[in-house]
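**Q** The residues making up each chain are set out below.
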Amino acid sequence: MLTKKNKVMLSVGFYLVIAVILIFTLLPIAWMVITSFKTKADIYSSIPKLFFKPSLKGWEHVLFTMPTVRFILNGLIVAGFNTAICLIVGTLAAFSLSRFKMKGKENIAFFLLTFRMFPPIAAAVPLFVIFKTFKLIDTQLSLIFAYILFNLPFTVWLMREFISSIPVSLEEAAMVDGLTRMQAFRQIELPLLKASLAAVGIFCFIFAWNEFIFALLFTQSMAKTMPVQISQFITWKEVTWENASAAGTIFVLPVLVLVFFIQKYLVIGLSLGTVKG
Amino acid sequence: MAIVRFINVSKYYGEVVAVENLNLEIRDKEFFCLLGPSGCGKSSTLRMIAGLETVTSGEIYIGDTLVNDLEPRERNIAMAFENYALYPHLTVFENIAFPLRVQKVPEETKKRKVEEVAKILDINELLDRRVDQLSGGQQQRVSTGRAIVRNPQVFLLDEPISHLDAKLRDRMRGELKRLQRKLQVTTTYVTHDQIEAMSMADRIAVMDLGVIQQVGTPWEIFNKPANTFVANFVGSPRINSFDCSLKEEKGRYSLATNSFEYNLSLKAGKLIAEKAPFPDTLQFGIRPRNIGVHLEDEKIENVIPVEVSITEPLGDYTIVDLILGDDILKAIVPPDLKLEENQRLTVTFPEQHIHVFDAKTGVRIEM
Numbered sequence: 001m002l003t004k005k006n007k008v009m010l011s012v013g014f015y016l017v018i019a020v021i022l023i024f025t026l027l028p029i030a031w032m033v034i035t036s037f038k039t040k041a042d043i044y045s046s047i048p049k050l051f052f053k054p055s056l057k058g059w060e061h062v063l064f065t066m067p068t069v070r071f072i073l074n075g076l077i078v079a080g081f082n083t084a085i086c087l088i089v090g091t092l093a094a095f096s097l098s099r100f101k102m103k104g105k106e107n108i109a110f111f112l113l114t115f116r117m118f119p120p121i122a123a124a125v126p127l128f129v130i131f132k133t134f135k136l137i138d139t140q141l142s143l144i145f146a147y148i149l150f151n152l153p154f155t156v157w158l159m160r161e162f163i164s165s166i167p168v169s170l171e172e173a174a175m176v177d178g179l180t181r182m183q184a185f186r187q188i189e190l191p192l193l194k195a196s197l198a199a200v201g202i203f204c205f206i207f208a209w210n211e212f213i214f215a216l217l218f219t220q221s222m223a224k225t226m227p228v229q230i231s232q233f234i235t236w237k238e239v240t241w242e243n244a245s246a247a248g249t250i251f252v253l254p255v256l257v258l259v260f261f262i263q264k265y266l267v268i269g270l271s272l273g274t275v276k277g
Numbered sequence: 001m002a003i004v005r006f007i008n009v010s011k012y013y014g015e016v017v018a019v020e021n022l023n024l025e026i027r028d029k030e031f032f033c034l035l036g037p038s039g040c041g042k043s044s045t046l047r048m049i050a051g052l053e054t055v056t057s058g059e060i061y062i063g064d065t066l067v068n069d070l071e072p073r074e075r076n077i078a079m080a081f082e083n084y085a086l087y088p089h090l091t092v093f094e095n096i097a098f099p100l101r102v103q104k105v106p107e108e109t110k111k112r113k114v115e116e117v118a119k120i121l122d123i124n125e126l127l128d129r130r131v132d133q134l135s136g137g138q139q140q141r142v143s144t145g146r147a148i149v150r151n152p153q154v155f156l157l158d159e160p161i162s163h164l165d166a167k168l169r170d171r172m173r174g175e176l177k178r179l180q181r182k183l184q185v186t187t188t189y190v191t192h193d194q195i196e197a198m199s200m201a202d203r204i205a206v207m208d209l210g211v212i213q214q215v216g217t218p219w220e221i222f223n224k225p226a227n228t229f230v231a232n233f234v235g236s237p238r239i240n241s242f243d244c245s246l247k248e249e250k251g252r253y254s255l256a257t258n259s260f261e262y263n264l265s266l267k268a269g270k271l272i273a274e275k276a277p278f279p280d281t282l283q284f285g286i287r288p289r290n291i292g293v294h295l296e297d298e299k300i301e302n303v304i305p306v307e308v309s310i311t312e313p314l315g316d317y318t319i320v321d322l323i324l325g326d327d328i329l330k331a332i333v334p335p336d337l338k339l340e341e342n343q344r345l346t347v348t349f350p351e352q353h354i355h356v357f358d359a360k361t362g363v364r365i366e367m
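Keeping their order, the protein sequence lines are chains A and B. For the first sequence, the working numbering assigns the number 277 to the last residue and increments by one with no breaks. For the second sequence, the working numbering assigns the number 367 to the last residue and increments by one with no breaks.
Since the hints were made in silico from the structure, they are not lab data. All of these numbers come straight from a predicted model, not from anything done at the bench. The beta-carbon is built from N, C-alpha and C at its ideal position, and this holds for glycine as well. A portion of the hints provided could be inaccurate.
Sample of chain A residues facing chain B (criterion: CB under 7 Å; computed from the structure) [claimed, not checked]:
1) 63
2) 140
3) 179
4) 191
Label-pair restraints from in silico Cβ distances [to be verified]:
5) A:100 - B:136: 29 to 35 Å
6) A:137 - B:133: 52 to 58 Å
7) B:136 - A:73: 51 to 57 Å
8) A:191 - B:70: 26 to 32 Å
9) A:92 - B:54: 54 to 60 Å
10) A:107 - B:195: 44 to 50 Å
11) B:103 - A:89: 30 to 36 Å
12) A:253 - B:119: 52 to 58 Å
13) A:102 - B:326: 51 to 57 Å
14) B:122 - A:252: 53 to 59 Å
15) A:252 - B:54: 50 to 56 Å
16) A:25 - B:71: 51 to 57 Å
17) B:103 - A:107: 39 to 45 Å
Required output: the full structure, derived from the provided sequences and hints.
**A** In structure tokens form, the structure reads like this:
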């Protein structure tokens, strides 16, 4: 039995650990936001300044002299399509791998997972050649394809686990009650998979949103995304930290908003096995 | 309302035999139990009626319709599952109404029917609840409700009460039987629990290794087991069985075991001699309930001496383990018969209650 004193100690320790983790993860973001309001002189001062006269120079540059909206839009389109396609195709594939009796289905599932294991850079060169042949360089389509290559196996693998955690008898009951197998999937299993879909979806989205190497290789200007743009604030002459920070702040916002709205599902989805057997 | 017929039905999972050459007719409005240990093929049989498993070979008819190639939804059957299979995202009302919703039954009829069913099952207070807020017993009722809300040709119940606690199970047995009588729908009930089968069924099919061992009324299954498997599977405590051989001496027949010799009547002896293919390898069986237990000084003929090992008083009756040679014989005696350990007794086996089987094939030898 824990005494009252011990309980207090325990919760103090608990919050202390959480505080340390939060500082560790949030400090760089906070520093980025602060930096975005600094002038060059303040940024390069030898002692980091917490109090300074705010400047909007970085923001002005990012918002008004650069096509930031296009970069953001590119990112949203690429990440959005990638997520949607992965969820639709991946969930259906996962359903068949989970529910249908077929030879070698474990091998198929494992084979899919190995896609995720090989380093993206290994695929970059052949993909570049393919996209060049089909005139897809500097299009959003190239990035959508490339990201699907990595996100789809991951989606299938995760969704298969989630679907397998739903008792198959639910589907059978629905079929006896008068539905076709697909209807049973749509009306019974899909609603139960909402949380899992949200969790997997956000993973896919964040992967595509943050991805840098492919975006750098396959895009030049029209289909460029924010990570590539931000990296280009580092030039041979100087690093424009105020611009990079302002762009970085804008860059994290959409994901933050997205996660905020679906965080309830995210937590449920991540704790596997949402349906009682 | 329909007859279910199996004609030479087999089911294989790859090399594994689940059901082998099944021929069976489940009668109209009958409460029919498929009874057997796990892996005996009873659930596969039920699932083949439902259309949830394909038939490897043979034909299944519901009524006059060959259903082999029909989807589950085309068979007009209702099924209750072992784990209830309630839709967790729907309320009790929506769960029960689900088959009606699929049939696009008008809202008012749907409401009326669900309420009717809920009343029958005594769950009308729960209709607005989510199913994960219900107890096991309540979930079981909802699952039954979903099955009976439309008028199917056949009810299929797959161990529907096996996860309930003992008390509730006792109650549900009676309730399910009453419900079946009231609705008059052909019902197939799968269970591994012989008490459920014996207490509820009009007829029982005992299955083992994918093959039907016997089909009969509970009385027939218990009193005339077709083979040693049925004799051993049904009845608690188990039937006492001994290897024996038929002996004939001066026109008198007896069954000789290692522990005792049982004198047969002339008629029974002759019948066994006539019917048993191998009179030297037989099996003698007697159910604990049919053993006559007598104090040592009682003057009765054809008695076998035994010694009390232990007693298990259960209130309604007492199970007593008797030492008989190298074997233990289980007998059921009235609770007021006070026995002590090591007490010497005699037992009798009334001839009308003994069972004789061929030891090689296990088949019953009718006397």
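**Q** Evaluate each hint against the coordinates.
**A** Quick rundown of the hints versus the structure:
The restraint placing residue 63 of chain A at the interface with chain B is violated, with a minimum CB-CB distance near 44 Å, outside the 7 Å limit. A least Cβ separation of about 36 Å between residue 140 of chain A and chain B goes past the 7 Å threshold, and the interface hint is therefore violated. A hinted interface residue such as residue 179 of chain A counts as satisfied when its beta carbon comes closer than 7 Å to some beta carbon of chain B; here the least separation is about 6 Å, so the hint holds. Annotation: residue 191 of chain A was flagged as interfacial toward chain B, and the flag holds, the nearest CB pair being 5 Å apart, inside 7 Å.
Remark: the range hint 29 to 35 Å for residue 100 of chain A to residue 136 of chain B is upheld by a beta-carbon distance near 31 Å. Against the hinted window of 52 to 58 Å, the Cβ-Cβ separation of residue 137 of chain A and residue 133 of chain B comes to about 57 Å, which satisfies the hint. For the hinted restraint 51 to 57 Å between residue 136 of chain B and residue 73 of chain A, the CB-CB distance of approximately 53 Å keeps it satisfied. Distance hint check: the CB atoms of residue 191 of chain A and residue 70 of chain B are about 27 Å apart, consistent with the given range 26 to 32 Å.
Restraint check, residue 92 of chain A to residue 54 of chain B: a C-beta distance of roughly 22 Å breaks the suggested window 54 to 60 Å. Hint check: residue 107 of chain A to residue 195 of chain B, Cβ distance near 45 Å, so the stated range 44 to 50 Å holds. At about 32 Å, the beta-carbon gap between residue 103 of chain B and residue 89 of chain A stays in the expected band of 30 to 36 Å. Between residue 253 of chain A and residue 119 of chain B the beta carbons are some 56 Å apart, a value that agrees with the proposed interval 52 to 58 Å.
The hinted window of 51 to 57 Å between residue 102 of chain A and residue 326 of chain B holds, with their beta carbons roughly 54 Å apart. A hinted range of 53 to 59 Å holds for the C-beta pair residue 122 of chain B and residue 252 of chain A, which are about 56 Å apart. Between residue 252 of chain A and residue 54 of chain B the CB atoms are about 53 Å apart, so this pair conforms to the stated range of 50 to 56 Å. One distance hint, 51 to 57 Å for the beta-carbon pair residue 25 of chain A and residue 71 of chain B, holds here, with the actual separation near 52 Å.
At about 42 Å, the beta-carbon gap between residue 103 of chain B and residue 107 of chain A stays in the expected band of 39 to 45 Å.
In terms of the numbered hints stated before, the structure departs from hints 1, 2, 9, listed from lowest to highest.
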